[in-house]
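Participant: Residues per chain are reported as follows:
Protein chains: 2
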Amino acid sequence: MANFTLLKELVQPAKTKIVMLVLDGVGGLPNADDLTELEAAHTPNLDRLAREGCLGQHYPVEVGITPGSGPGHLGLFGYDPVKYEIGRGVLEAVGIGLPLSADDVFARGNFCTLDAAGNISDRRAGRIPTETCVKLVNKIKAANIQVADDVEVTIEPVLDYRFVLGMRGKGLSSNLGETDPQRTGVPPMQVEAGDAASQRTADLFNAWVKAATEVIKDDAPANGLTLRGFSGDPAFPKFKDVYGLKAGAIAVYPMYRGLASLVGMNMVEHHAHSIAEEFEAAAHVWNDYDFLFIHVKYTDSRGEDGKFDAKKAVIEEADAALPKLLALKPDVLIVTGDHCTPSQLKAHSWHPVPMLLWAPATVRRDRSSAFGERECARGGLGTFRAGDIMQLALAHAGRLAKFGA
Amino acid sequence: MANFTLLKELVQPAKTKIVMLVLDGVGGLPNADDLTELEAAHTPNLDRLAREGCLGQHYPVEVGITPGSGPGHLGLFGYDPVKYEIGRGVLEAVGIGLPLSADDVFARGNFCTLDAAGNISDRRAGRIPTETCVKLVNKIKAANIQVADDVEVTIEPVLDYRFVLGMRGKGLSSNLGETDPQRTGVPPMQVEAGDAASQRTADLFNAWVKAATEVIKDDAPANGLTLRGFSGDPAFPKFKDVYGLKAGAIAVYPMYRGLASLVGMNMVEHHAHSIAEEFEAAAHVWNDYDFLFIHVKYTDSRGEDGKFDAKKAVIEEADAALPKLLALKPDVLIVTGDHCTPSQLKAHSWHPVPMLLWAPATVRRDRSSAFGERECARGGLGTFRAGDIMQLALAHAGRLAKFGA
Numbered sequence: 594m595a596n597f598t599l600l601k602e603l604v605q606p607a608k609t610k611i612v613m614l615v616l617d618g619v620g621g622l623p624n625a626d627d628l629t630e631l632e633a634a635h636t637p638n639l640d641r642l643a644r645e646g647c648l649g650q651h652y653p654v655e656v657g658i659t660p661g662s663g664p665g666h667l668g669l670f671g672y673d674p675v676k677y678e679i680g681r682g683v684l685e686a687v688g689i690g691l692p693l694s695a696d697d698v699f700a701r702g703n704f705c706t707l708d709a710a711g712n713i714s715d716r717r718a719g720r721i722p723t724e725t726c727v728k729l730v731n732k733i734k735a736a737n738i739q740v741a742d743d744v745e746v747t748i749e750p751v752l753d754y755r756f757v758l759g760m761r762g763k764g765l766s767s768n769l770g771e772t773d774p775q776r777t778g779v780p781p782m783q784v785e786a787g788d789a790a791s792q793r794t795a796d797l798f799n800a801w802v803k804a805a806t807e808v809i810k811d812d813a814p815a816n817g818l819t820l821r822g823f824s825g826d827p828a829f830p831k832f833k834d835v836y837g838l839k840a841g842a843i844a845v846y847p848m849y850r851g852l853a854s855l856v857g858m859n860m861v862e863h864h865a866h867s868i869a870e871e872f873e874a875a876a877h878v879w880n881d882y883d884f885l886f887i888h889v890k891y892t893d894s895r896g897e898d899g900k901f902d903a904k905k906a907v908i909e910e911a912d913a914a915l916p917k918l919l920a921l922k923p924d925v926l927i928v929t930g931d932h933c934t935p936s937q938l939k940a941h942s943w944h945p946v947p948m949l950l951w952a953p954a955t956v957r958r959d960r961s962s963a964f965g966e967r968e969c970a971r972g973g974l975g976t977f978r979a980g981d982i983m984q985l986a987l988a989h990a991g992r993l994a995k996f997g998a
Numbered sequence: 594m595a596n597f598t599l600l601k602e603l604v605q606p607a608k609t610k611i612v613m614l615v616l617d618g619v620g621g622l623p624n625a626d627d628l629t630e631l632e633a634a635h636t637p638n639l640d641r642l643a644r645e646g647c648l649g650q651h652y653p654v655e656v657g658i659t660p661g662s663g664p665g666h667l668g669l670f671g672y673d674p675v676k677y678e679i680g681r682g683v684l685e686a687v688g689i690g691l692p693l694s695a696d697d698v699f700a701r702g703n704f705c706t707l708d709a710a711g712n713i714s715d716r717r718a719g720r721i722p723t724e725t726c727v728k729l730v731n732k733i734k735a736a737n738i739q740v741a742d743d744v745e746v747t748i749e750p751v752l753d754y755r756f757v758l759g760m761r762g763k764g765l766s767s768n769l770g771e772t773d774p775q776r777t778g779v780p781p782m783q784v785e786a787g788d789a790a791s792q793r794t795a796d797l798f799n800a801w802v803k804a805a806t807e808v809i810k811d812d813a814p815a816n817g818l819t820l821r822g823f824s825g826d827p828a829f830p831k832f833k834d835v836y837g838l839k840a841g842a843i844a845v846y847p848m849y850r851g852l853a854s855l856v857g858m859n860m861v862e863h864h865a866h867s868i869a870e871e872f873e874a875a876a877h878v879w880n881d882y883d884f885l886f887i888h889v890k891y892t893d894s895r896g897e898d899g900k901f902d903a904k905k906a907v908i909e910e911a912d913a914a915l916p917k918l919l920a921l922k923p924d925v926l927i928v929t930g931d932h933c934t935p936s937q938l939k940a941h942s943w944h945p946v947p948m949l950l951w952a953p954a955t956v957r958r959d960r961s962s963a964f965g966e967r968e969c970a971r972g973g974l975g976t977f978r979a980g981d982i983m984q985l986a987l988a989h990a991g992r993l994a995k996f997g998a
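Chains A and B, in that order, give the protein sequences. Residues in the first sequence are numbered consecutively from 594, following our numbering. Residues in the second sequence are numbered consecutively from 594, following our numbering.
Because the hints were derived from the structure by calculation, they are not lab data. None of the values given here were measured: they were computed from a predicted structure. Watch out, some of these pointers could steer you wrong.
Pairs involving identical chains hold if they fit within one copy or between any two copies, as the list cannot separate such chains.
Unchecked claim - Within a straight-line C-alpha distance of at most 25 angstroms, the following computed SDA-like cross-link-like pairs (lysine to any residue) qualify: (1) LYS610 x LYS939; (2) LYS601 x SER942; (3) LYS608 x LYS939; (4) LYS917 x MET860.
The shape of chain A in the complex, shown without the other chains (with noise of 0.2 angstroms):
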């Protein structure tokens, strides 16, 4: 991670401005013609950046670690992604783009079957379809269920049988036990305080649930429901504080937005869709921020899906895209991703992670000729932590004073 106790004394400010550019999952596994997606994909530009920039490899949590999104990101901004844990109700809340503050607690929410003797028969409702959950949700949120005057109770569907469930009020607690017992023929365990600050949101939760409950009662196989993974704001440094970075996110999943706000990024507000709509909604907001954190998701999703052309080709989108950013003129620019994702893996991947660090005024050319994993195992910046990202960018655009005489 990076040594935010060291950096605190040297980050000076500076009107230089970065850019991390994340292609999400971008590192790959080589195919038949020993090329990676990122080797097969025509990217003049990368290629170019590589050949006036230095290349590195890094592993966001590591070495040997897959990571997920969450994981993955916190390792790219500098939190150690090990010590910097985000809640499974937070993570959830953030992912589907709900507001955090330090008054909320969230929890995961699974719907389930419960028998005639109101035991577990199924832990995951039979698996309903994504529309149900909604379905299901709405009539919850219909039946208006109050728990507290000073409580405001938030419910949103996910996906599968999957929900989130938040409430906000001063003095909540998140020290909560989750209700799913973890085996079928039994009921849901009720929620238990973890201590006696804590048992006031442990009965407003108690008092939800069976409230709820009492509405989906007709409404097998999902007729049950039980919480898991309560949590809170992990109220993590801030961009601005460690980094003295004004930073903004763009990103089109809220899963992304979420994540780099947990960090004390803005979100930028955008309708992109494209990568390039991405680049033109960074040049609108170029003049607010020092740092900018923009999010590709696809190279992702085609690995996931197995599909090493179609990866290769949002790499070449993104490629395409990159003269709208250059023309920004970042005086820093880092192009990595999260994670790996190969697409011969249909799945993120513990591989280290292809970076190139441009920064036209400082950095030391290394002498590679292209950007891809090979070149990037022999590039000038060797093979790191995700953590020490940070402090290269700062390093390179002028924003960290000498240490020491």
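Keeping the supplied structure of chain A fixed, place chain B upon it in accordance with the hints.
Facilitator: Chain B alone, transformed into the frame defined by chain A:
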């Protein structure tokens, strides 16, 4: 940093000799010909050592951090520069070559201008030139101010309006507050004791300040003074104890001799001015030491001047003199810098520092062809923290036992 705990178990005696040749600020950035100073320099000897040895690049403090001379050298010596802090007073003292003992307290002094009411009107005394500073210090010396029978006072000029003040005596403490109010229109503050045990030392410094101010009262614009950065011997672990090495330092500038003395190196007496003469000084004491630190200053100086060709020439001077050093047949020779000083930036920088490890009997050659930044980035040692260097040196010198059965 080096793992002192582990080394304590593993260090074993040997007759081998290690040389650490520090070309201060040696790393750079490529010019229009895509060559750094080191790459552009004609260095047949270093290039041969590169072919016979192994290259790598290191970060003296951390990724992205630009080291000052103190942290840069502590990093090379294996001491975590963030953990092993050197107070400003002590750094100033060792920087001008004053000896340091456990009974010393040093402060950095500034001459200042006092108005008729005794308030500071200029915190830097109109930035008087060094010659004036020397005259004032000599006048104060001549006044022979005594503060106590068992306390010896030292005052020496530094540069411009700056001087260093030391007291030596049993039981003195450096837990003292500075007297510079950091603004004008108010008088200098009294030296405040940070705890009861420091009260006597505070009283002694206050007595001295009163007497010294009396001596210079008619010397406006330098008719007052302030003291900052009170500090004592940081009592770092010593080379002999952590590495089992009898170590000597050959440096032309006092600052580097001082830094070396803080880690327990002996100062080699010499009259060297050129690099060749420094190597001759090494020859004179070759049988007295296991480890020699040889410091070459002017690579950094020319880099700070922004003079690419002049920095290149210093590197060529070092290369040309190298046969004198090689004739001594060191078992391990490390050639590196304490940080980079690219002439394009005219300043220290955060870029990784090129390093050459030569150890004819034990090194794994890495097929490097020349000593240069980009060769080092692809070298067999990879990219690492400077804290690893001493362990590499000891290992290649046969001075570390096997760990575990």
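Participant: If a hint holds in the structure, say so; if it does not, say that too.
Facilitator: How the hints compare with the structure:
Only between protomers do LYS610 and LYS939 lie at most 25 angstroms apart by alpha-carbon distance; the minimum there is 22 angstroms, versus 35 angstroms within a single protomer. Proximity of LYS601 and SER942 under a CA criterion of 25 angstroms is satisfied inter-copy only: 19 angstroms between copies versus 33 angstroms inside one chain copy. Within a single copy, LYS608 and LYS939 get their C-alpha atoms only as close as 42 angstroms, which misses the 25 angstroms cut-off; across copies the closest is 20 angstroms, which meets it. Taking the closest pair of Cα atoms, LYS917 and MET860 come within 25 angstroms of each other only inside a single copy of the chain (20 angstroms); across copies the shortest separation is 59 angstroms, beyond that limit.
Figure legend: structure checked against the earlier numbered hints; every hint is met.
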